[in-house]
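Protein chains: 2
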Amino acid sequence: MESFGIVFVFGLLSLIVALFLGIIVIKKSSGNEVMVKISRAIQHGASAFLIEEYKTMSIWVIIFAAIIWFIISPYVAISFVLGTILSVLSGYLGMAIATRANGRTAQAARTSLGEALKVAFSGGSVMGLTVTGLGILGSISTYLFALHFLSKTINPLIVITGYSMGASFVALFARVGGGIYTKAADVGADLVGKIEAGIPEDDPRNPAVIADNVGDDVGDTAGMGADLYESYVGSILSGVILGSFAFGISGVKFVYLIAGYGILASIIGVLSVLLIAHGNVNPQKALNIGTVVANVVAVLFMWYLSVSVIHNIGTFFAILSGLVVGLAIGFITQYYTSGNPIKIIAKSSSEGGAATTILSGMAVGLQSTFLPLIFIAVGVVVAYLTAGLFGIALAGIGMLATLGINLSVDAYGPIADNAGGIAEMSGLPEEVRERTDILDALGNTTAAMGKGFAIGSAALTALALFSSYAKAVNLSSINMLSPYVVAGALIGGALPYLFSSFSIMAVSDTANLMVEEVRRQFHEIPGLMLGKADPDYKRCVAISTKGALKNMILPSAIAVIAPFATFFAFWKYGKNALGGLLVGALISGVLLAIYMANAGASWDNSKKFIEQGNFGGKGSEAHRASVVGDTVGDPLKDTAGPSLNILIKLMVTVSLLFIPYLVKLL
Amino acid sequence: MESFGIVFVFGLLSLIVALFLGIIVIKKSSGNEVMVKISRAIQHGASAFLIEEYKTMSIWVIIFAAIIWFIISPYVAISFVLGTILSVLSGYLGMAIATRANGRTAQAARTSLGEALKVAFSGGSVMGLTVTGLGILGSISTYLFALHFLSKTINPLIVITGYSMGASFVALFARVGGGIYTKAADVGADLVGKIEAGIPEDDPRNPAVIADNVGDDVGDTAGMGADLYESYVGSILSGVILGSFAFGISGVKFVYLIAGYGILASIIGVLSVLLIAHGNVNPQKALNIGTVVANVVAVLFMWYLSVSVIHNIGTFFAILSGLVVGLAIGFITQYYTSGNPIKIIAKSSSEGGAATTILSGMAVGLQSTFLPLIFIAVGVVVAYLTAGLFGIALAGIGMLATLGINLSVDAYGPIADNAGGIAEMSGLPEEVRERTDILDALGNTTAAMGKGFAIGSAALTALALFSSYAKAVNLSSINMLSPYVVAGALIGGALPYLFSSFSIMAVSDTANLMVEEVRRQFHEIPGLMLGKADPDYKRCVAISTKGALKNMILPSAIAVIAPFATFFAFWKYGKNALGGLLVGALISGVLLAIYMANAGASWDNSKKFIEQGNFGGKGSEAHRASVVGDTVGDPLKDTAGPSLNILIKLMVTVSLLFIPYLVKLL
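These protein sequence lines map, in sequence, to chains A and B. Heads up: the first sequence at position 75 corresponds to 74 in numbering that gives the first Met the number 0, and the numbers run straight through without jumps. Heads up: the second sequence at position 107 corresponds to 106 in numbering that gives the first Met the number 0, and the numbers run straight through without jumps.
Don't take each hint at face value.
No copy is singled out in the list; a pair is fine if it fits within one copy or between any two copies.
Here are the computed lysine to any residue pairs in the SDA-like style, where the Cα-Cα straight-line distance is at most 25 Å [as the list claims (entries may be wrong)]:
#, residue 1, residue 2
1, K346, L512
2, K663, I50
3, K54, Y91
4, K342, K549
Quick caveat, the hints were computed from the structure, so don't treat them as lab data.
Model the full structure from these sequences, guided by the hints.
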């Protein structure tokens, strides 16, 4: 039988490969002086954001850790802090390499498409392998430490729940804050720079231009890193808890081994892509081969582990069902965000203007929720039939086992996007831009599929943790015929709506601050418009950062306060009502998240479709209408939508950790 | 102890007062020749719509009745058909009087505000009192007939469930079809007439102008009549079922008596308004006094009935809790759709254009769901604590007991609205328009409150029927820890999204057909633009009608097919999964319905706020942006949103009626 040791080996291997790829990226030429200057400015801006973000966040981490320390246990408080630190690290490293891979990808695109793909994908893989490496090492170390040294004092499952909650806590801040930041900076730069001052996009005279570029990195890269780190750790947590109920320590070992071998499979996939990436390779084909290789290898490993570790072939099918559901959601998402629906939206932009653009995008987004929910529902039933409650957790793990390669593909997107921007700004030849455009377009599709995996796994993980919650507070049934449960479910259903409302409003509030600052600089800095003086980039960055971090507190507070408030409000029936709350939030949150992600992506892509010359192309009435759709979709798909996954999981983790202690107080 | 007989008396009284008020309205002067001509054209258009609508609908009614006849019982099939006929009658009568009260209100406004209020409110009251009168008489006759003559063959509760399903069936068609019709005609008339041909709104040369005006009546009046008839009958049904479980025949009698005395209270309220309506009365004050009088009287009746009929004061508090929740939702709706939020939306129209208008309206709509859901949740718990499951049904009845006056106030809105249009078109003096504007503005507020009552009562009625479903199929628990229930809930949650997607798309598809027809007439009818030839109004009406009725089938089919499909797909666990489906649909449907209704109303009112001269007034950039918001909001608030209430209730009624029979087949 396999041992825990091999998991450490795979975790470390993941970090070593990431380090190795990181060094390869750094050693590449970063291009001419202009390219270096732009790249540096973005790097500094990103650091400025991180410093501010960590300052704000650390206060809340300390407060929350203190509460855990006194109510639950100092050990849990420490594991919580560890979870937050590793989450921060995942986001930071991902962003650090992304801001360095951008320019180098543009430079490599001067040689060939294959070279550019290699650099961009290596950059993405650093993130993919760091997140999975840190995720698994942190989780298994916490668990084993608690098992060997603390098990007389506290249940190791509680300690590892603290670790996972730390990851969720930071992820929510990072997603909401990063999401507000990136969209506010985007709007601020466009509204004053492009429209009022009439200077082109990405013009260095625009004080918000760096904030805008930084925004792409902190939202799409750092935010996504923290988000998927959280998903990964959360799915492992649900597996460890339910696995230990079902199979004792073998169940736990099984979960870690699946994750470990999944990393190995991902590394094999990543290396396959890099081996193929040469000359005029078809990048879509290269990424597909890598993904297929990783998944086939992973499936073989999972079969082997199911047979050899817990001698239960049912668990294999549970994992497989998760993988299939994840792929299905990915393809459905791809259809709604890049298939026929975006042509319908583009057509309505050309026929009826902004209002019909919005309506048809809404209709597409609303409809796109249906099949994913059917697949998740079927996945839940299949997983349960093959491996009980543990099966539901395993299905979630199945989706995320090959996160290493999936996230690499996902993180490669923003790098290719920025590379295109840098190529444009620094006046590289047309062919370079063409190559980065090919890479960028591919990135949009992979991003949509990645969001499908994130949402699907969030639903399964939340369901598995929800069952763990019921076990932890001794609820044998969460009965919808009970008025307390129904009342909880109604309130829970409304929370994602309230949360989304706050985060959408936060984007517009922060955007307004940014607009004012950019206007001020244009008026007050002499010679700025003539290019004789530099704008104060840092001030824009700081203002946007502060605005984002201030405005993110209210929505984030919902996730933490709601479970406690509900529990105490219903008192004797608090744990039942809270069960209802978690289910209600899950159903309504998953639906809103898919709706927002897909409506947003379909508006974005229908705008791109028009920009390719359809329905009049750039500058046409149809294009203007599609820009409205894109602007509406931005905060939905990049701020409110992706945060809902974390909201759901953070609420269930908070309940799982605290409520068993609070129940005793009643 | 009171007897059933008095309920018949109050039901008949309701119809007699309605008839009396109808005669008063008809006897009023219908104004000058132009006004009569316009009014006639609208009446004819409305008839054309009704004929087409009933033709299409009758096929489905016959098919469904045949299925019921063979699977369940011929008696249930007959009561189903009775339910559909009375529903059609409610909608028809409401529309008939509304299309006659419009012009007469405009004419009365030449005398005084009080006279105009009297005519408009009398018109609304005909609808309010007809719906409640027909609703209660049909329900109690069906129940008593089944009790006395059929009880050896079939449970009377099943017969009355068929009656209620008939009401829901027609209501769904009427709401969806009417909603598609009105919005498609609106867009068609505006897009070609106002924008392309450059002729003013409501110009008789526009072939779609009659369809547009008819649309207001068929959507806002006939649709609403069928909708609230369904709500009323459904809430009584849930009360009768749970009342008979809790208190036997006394429980049933209690429910009918509450409804009957509620009608009496409503009549007293209606007469109070008409007594006050003189000279320069403040119309807001007059309506408020009527509503307060009706509600105070109703509360006293309910207290008396609780004490004297079932000797249980708890039931009184359950009813009262429903009434309080309804009022609370009404006031919250009023705040979000006419308070500070609409100024925020208007501000964002002026600062950022269409995109920020949409985003801020979305944020307002999303946020506006939270407090209503909290109130519903608290209402459920209070009702349960005071009177058990029966209490939840009673809370729903509490909200609708004074439907007579509430619907009168509600239906008065569109009459006042159309009166303003007729005053404008026929060139009546400025002061007349000012008076109708005052009445119209008040109508918007009352409509928002009415929607709050409709949604709140739908949630409570659906919950009560949902409990009845569980009893009928012997489910003691609908346990969210069961994977089948969770899977059902996930699918159920997605149904309102799918349904909304179809109905929003239906609006744009039908609008496109209308646009083509209007363009064709402008091109092909010689002399039309010069006013020398009449356009073919009927053709526009017929095309819009056909389009609406064709496109409404797909969304409506969801409500009927989904329960069966889920039941059979999950086979042995079908009844559990279906339980989950109903809960999931309830949570997600109520939220979406409130979101859509309030976002739509707040966009509409923020446009009106700008038109009052704020942020640049009519013709400004802000106004153009607000028009986009209003156009987006229209199908949300008038097509998709209001249909969701019916969707939820129709699904639960279908399940309640059919599944107990299907369970026996397994």
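Quiz prompt | K346 and L512: within-copy, between-copy, both or neither at 25 Å Cα | solution = Result: close only across copies, 15 Å inter versus 35 Å intra.
Quiz item: Given identical chains, is K342 near K549, meaning Cα to Cα at most 25 Å, within a copy, between copies, both, or neither?
Solution: Close across copies (24 Å), not inside one copy (39 Å); limit 25 Å.
Practice problem: Can you give me the call for K54 and Y91, within, between, both or neither, at a CA distance of at most 25 Å? | Solution: For K54 and Y91, only the intra-copy Cα distance (14 Å) is at most 25 Å; the inter-copy one is 65 Å.
Exercise. Please work out whether the CA atoms of K663 and I50 approach to 25 Å or closer within one copy, between two copies, in both situations, or in neither?
Key: Intra 40 Å, inter 66 Å, cutoff 25 Å: neither.
When each numbered hint is compared with the structure, a violation occurs for hint 2 only.
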